[in-house]
Amino acid sequence: MKIYTKKGDTGQTSLLGGTRVSKSHIRIEAYGTVDELNSHIGLIRDSQNDDDINTSLINIQNCLFTVGSILASDPNKAKAKIPDLVESDVEYLEIEIDKMNETLPDLKNFILPGGNIVSSYCHIARTACRRAERITIGLSETSDVNPITIVYLNRLSDYFFVLSRKVLADLGGKEIPWTPRQ
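Residue 1 is where the sequence shown starts when you use this note's numbering, and the numbers rise one by one after that.
Hints should not be assumed to be uniformly reliable.
[Unchecked claim] Derived lysine-lysine pairs resembling DSS-like cross-links, with alpha carbons at most 27 Å apart:
| id | residue 1 | residue 2 |
| --- | --- | --- |
| 1 | Lys23 | Lys81 |
| 2 | Lys23 | Lys2 |
| 3 | Lys77 | Lys2 |
No lab work stands behind these hints, which were simulated from the structure alone.
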């Protein structure tokens, strides 16, 4: 497989289904942001060595490739079979969130992102996920997007928030509450 085709040199790219669009098209922005998020998740995996977390992150990365495929498809022309995101993918995130929350103190304040490098990476993934969600919602206002895609991205950002708290607690770090000015 050749990496460069030169077909995108004029600022256009092809969706799955063959439709050519500008590389600045909202659909490209949506799946490009999901790709960016997936790269941040790789960084989290490589920065810590908890096998259970890594298993969850690999599952999430596989789901994000599904999300990317869905977003990269022209809903009116795609003939290739695109994998489906299903309700059990969302339920998986909820189960993982609930398991992590069992070991964490109740949250009584907003907290500042940070505390250690892995927790910070989780917050970066959370914010990239929120951006992917916002862009996908914008896309859904002009094109068909399966609603479960938005639900998944919403739940995934919650997952990364809780994961940031868990890795911080597991490594003995301290959450810093936001102190609003009086």
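Evaluated hints:
{"no.": "1", "hint": "Lys23 <-> Lys81", "result": "holds, 23 Å"}
{"no.": "2", "hint": "Lys23 <-> Lys2", "result": "holds, 20 Å"}
{"no.": "3", "hint": "Lys77 <-> Lys2", "result": "holds, 25 Å"}
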